[in-house]
Amino acid sequence: MAFQLYKSEVSGSFYSWRGAAWIVAASMIFSLVAYLLLTDKELSLLDQGEMLFTLGEIIISLGIIMATTSASSAISAEIESGTFESLLLTPITARQIAFQKLLSIVTTWLLLYVVSIPYLVAVSSGTNLSISAVFYVGLYGTLLVIAFSSLTITFSSKLKSSKNSVMISLMILLIMLAPSLFFATSLKKTGFGTAIEDINPVSHAMNSLDSVLVDNQQTLPEQAIHILPVVIFTIVCLLILTNYTRRFEVKPIE
Amino acid sequence: MAAANTESLHRSQIKSNNGIVTSNLSKAYRDFKAVNSLTLNVEPEDIFGFLGPNGAGKTTTIRMLCGLVLPSSGTGKVAGFDIVKDSVKIRSIVGLLPESSGFYGWMNAQEHLVHFALLYKIEPHIAKKRAQDLLEKVGLAEKAHVPISYYSRGMRQRLGLARTLINDPKIIFLDEPTLGLDPSGQLQIRKILLELNREKGVTIFLSSHTLSEVSSLCNKIAILDRGTLLAQGSIGELRKRAGISQKILVRVTDTPEARQQLLNLPFPSSTTNEGAGLISVKINTPIESSNKNSANYDINDIIDFCMKKGLQIYDIQRPEISLEEIFFKMTGLPPTLESIDSPFSEEERGMKSKGARLH
Chain S
8 MAFQLYKSEV SGSFYSWRGA AWIVAASMIF SLVAYLLLTD KELSLLDQGE
58 MLFTLGEIII SLGIIMATTS ASSAISAEIE SGTFESLLLT PITARQIAFQ
108 KLLSIVTTWL LLYVVSIPYL VAVSSGTNLS ISAVFYVGLY GTLLVIAFSS
158 LTITFSSKLK SSKNSVMISL MILLIMLAPS LFFATSLKKT GFGTAIEDIN
208 PVSHAMNSLD SVLVDNQQTL PEQAIHILPV VIFTIVCLLI LTNYTRRFEV
258 KPIE
Chain H
93 MAAANTESLH RSQIKSNNGI VTSNLSKAYR DFKAVNSLTL NVEPEDIFGF
143 LGPNGAGKTT TIRMLCGLVL PSSGTGKVAG FDIVKDSVKI RSIVGLLPES
193 SGFYGWMNAQ EHLVHFALLY KIEPHIAKKR AQDLLEKVGL AEKAHVPISY
243 YSRGMRQRLG LARTLINDPK IIFLDEPTLG LDPSGQLQIR KILLELNREK
293 GVTIFLSSHT LSEVSSLCNK IAILDRGTLL AQGSIGELRK RAGISQKILV
343 RVTDTPEARQ QLLNLPFPSS TTNEGAGLIS VKINTPIESS NKNSANYDIN
393 DIIDFCMKKG LQIYDIQRPE ISLEEIFFKM TGLPPTLESI DSPFSEEERG
443 MKSKGARLH
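Protein chains in written order, with the working numbering: chain S, 8 to 261; chain H, 93 to 451.
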C-alpha cells in the first residue's frame with residue numbers, strides 16, 4: 008500500500024485519454040521520423056549515425072515535453088480540484104506525495120522509451136550502434152525526465168496553478184532545448200555558444216549522443232564529461248523538490 | 093513482542109485520550125492574525141461546537157489541529173499527540189470533512205473510498221467492505237458505481253463524510269458538514285454523528301454556521317471572533333458569560349385585582365395584555381453570580397408570589413435560551429435575516445390564519 012498513490016496515478020493516466028494519447032502520438036511521430044529518415048531522398052543520404060542521433064534527439068525531447076506537461080499539473084491540479092487537502096490528511100507525507108507523482112511520470116516515460124526501442128533498432132540496423140543508441144537514449148532520457156519533472160512539480164506546488172506552472176516550465180524547457188535544436192553549428196562554436204553549451208545539461212546530453220552515434224565514441228569514460236553535468240543537474244533538481252516538499256502547508260484562499 | 097507492546101500502548105493512549113488541548117495557539121499570515129492565542133480544551137467523547145462569523149479563524153484552527161498548517165506560536169495536542177511533531181500520527185487517527193472537499197471525478201464512490209482507505213494502509217479486502225458499509229450508511233449505496241462527476245452537491249457532501257470515516261477515526265473534525273444538504277440529508281448526517289459519538293465514543297469537533305445544528309448536537313461550544321476565543325463551555329455557561337438572563341413567562345387571568353398586583357411586582361418584568369382574559373408577564377431571572385447581595389429568585393419564588401397575591405396562573409413557561417441570542421450578544425453581530433421582522437404578515441406567509449392551516 009506504500010505506493011498506492013503511485014498506482015492510482017499510473018492507472019489514472021492510462022484510464023484517461025492523456026497517457027494513452029501520449030503513447031499513440033509518440034508512436035506516430037517515431038514511425039513518421041523513421042519512415043522519412045529511411046525513405047526520403049535527401050534525409051536518406053544522411054550518415055546512419057546522424058539518422059540515429061536525430062531520432063534519439065526527438066525521443067528525448069518528446070519525453071521531456073511529456074514529463075514537463077504532466078508534472079506541471081501534478082500538484083496544482085489537486086489544489087485546483089480541492090483534492091490536495093484530502094491527500095494531505097492521509098498519513099502519507101507531502102514528500103511521499105510528490106515523489107510518487109514523480110515516479111508515475113517516470114513510468115510513463117519508460118513506457119514511451121520502450122515504444123521507441125524498435126524504432127532505434129530499425130534505424131541502426133546494420134551498424135554496431137544499436138546497443139549504444141538504446142542505452143544512451145535511455146540514460147539521458149531518464150535523467151532529464153527526472154530532472155525536469157522534479158523541477159516542474161516544485162513549480163506546480165509553489166505556483167498552485169497548472170496554467171502558470173506549465174507556462175514557466177515550458178519556457179525553461181525551451182531555453183534549455185534551444186541550443187541543441189535551433190543553434191547553428193557556427194553559433195555553437197562562438198564563445199557565447201560554447202558557454203551556453205557548457206552550462207546547459209540538455210546540450211551536454213545531446214552532444215554526448217552526437218559523439219556516441221556520429222563520432223562512434225561509445226564508452227562511458229569517453230562520455231563522462233557529458234554524463235556528469237546531467238547527473239549533477241538531476242541531483243540538484245531532486246534536492247530542490249525534496250527541500251520544497253519537506254512540508255506543504257494548505258494556504259487560506261486569497 | 094516489543095512492537096506489539098508499543099502498538100498496544102499507542103492504542104491505549106489513543107483510547108484513553110481522544111481529547112484536544114491547545115495553549116495560546118496562534119497563526120499569522122504576514123500581518124494578519126488568523127488565530128490569536130487560542131486556548132481550547134475538548135474532552136474525550138465531547139461533541140464540541142466551534143462557532144464564529146466568516147473569517148473568524150475556524151478553518152485555520154481545524155487545519156492546525158490536523159497538522160495541515162503549522163502554527164506560528166503556541167502548542168496543541170490531539171489525542172495526546174503534538175500537532176507539529178506528530179502530525180502524521182494525528183492524521184492516521186482523525187478524520188476531517190473540509191468545507192469544500194474535492195473528488196476525483198473519473199472515479200466512482202466505491203473506488204474513491206477504497207483509494208483513500210489504501211492510502212491509510214488498510215488491507216484491500218477490509219477497505220472494500222468498509223467502503224460498502226459507509227456508502228450504505230450515508231445513503232449512497234445505490235449510486236456507488238456512478239462516476240463522482242455526475243454527483244450533486246449534496247451527494248458529494250455525503251461522500252465526503254464517508255471518506256472522513258474511512259479510517260475509523262477517533263476524532264472527527266467537520267467544517268460545515270451539512271452545507272448543501274436537504275433537510276432529510278441534514279438529519280441523516282446528525283444521526284450518524286450522534287451514533288458515532290454514543291456507540292464508538294468518537295470525539296466530534298464541529299464547525300458550523302447552523303446554530304440550531306450546533307445547539308442540538310453539541311455538549312460544549314466555543315465562540316471565536318476575529319481569531320480570538322470569546323468563550324467556551326456548555327450553553328448554560330455561555331449564557332452566564334454573555335450576561336443573558338433566563339426569562340420566565342407567566343400568563344395570569346385578567347382581573348382588576350391582578351392588574352393592580354402586577355404593577356408592584358418585585359421582579360424586573362414587562363406585562364402585555366394578551367386578550368382572551370389573559371395577561372402575559374415576562375420576568376427576567378437574575379444571572380447566576382457569585383455576588384451574594386444580588387437578588388436571587390427562580391420559578392418557584394414566582395409561583396409562591398402569585399399564590400400569595402391571589403393571582404390565578406393560567407400557565408408558566410421557561411423558554412430555552414437560543415444559541416442565536418448568545419452568539420449575537422457575544423460577537424456583537426447584527427441578527428440574521430430570519431430573526432428580522434418579515435415585511436409580510438403572518439397570514440401572508442401562511443403561518444397563522446386558520447384558513448391557511450386548513451388549506
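Derived from the structure by calculation, the hints contain no laboratory data.
Keep in mind it's a predicted model, so treat the numbers as computed, not measured.
Cβ atoms here follow ideal geometry from the backbone N, Cα and C, with glycine treated the same way.
Treat each hint with caution, since some may be false.
Quick partial rundown of chain H residues pointing at chain S, CB under 7 Å, derived from the structure [as the list claims (entries may be wrong)]: (1) 160; (2) 164; (3) 193; (4) 194.
Each hint, compared with the structure:
1. 160: With a closest approach of 5 Å, the residue 160 of chain H hint holds.
2. 164: violated, 11 Å
3. 193: holds, 6 Å
4. 194: Check passed: Cβ of residue 194 of chain H comes within 3 Å of chain S, closer than 7 Å.
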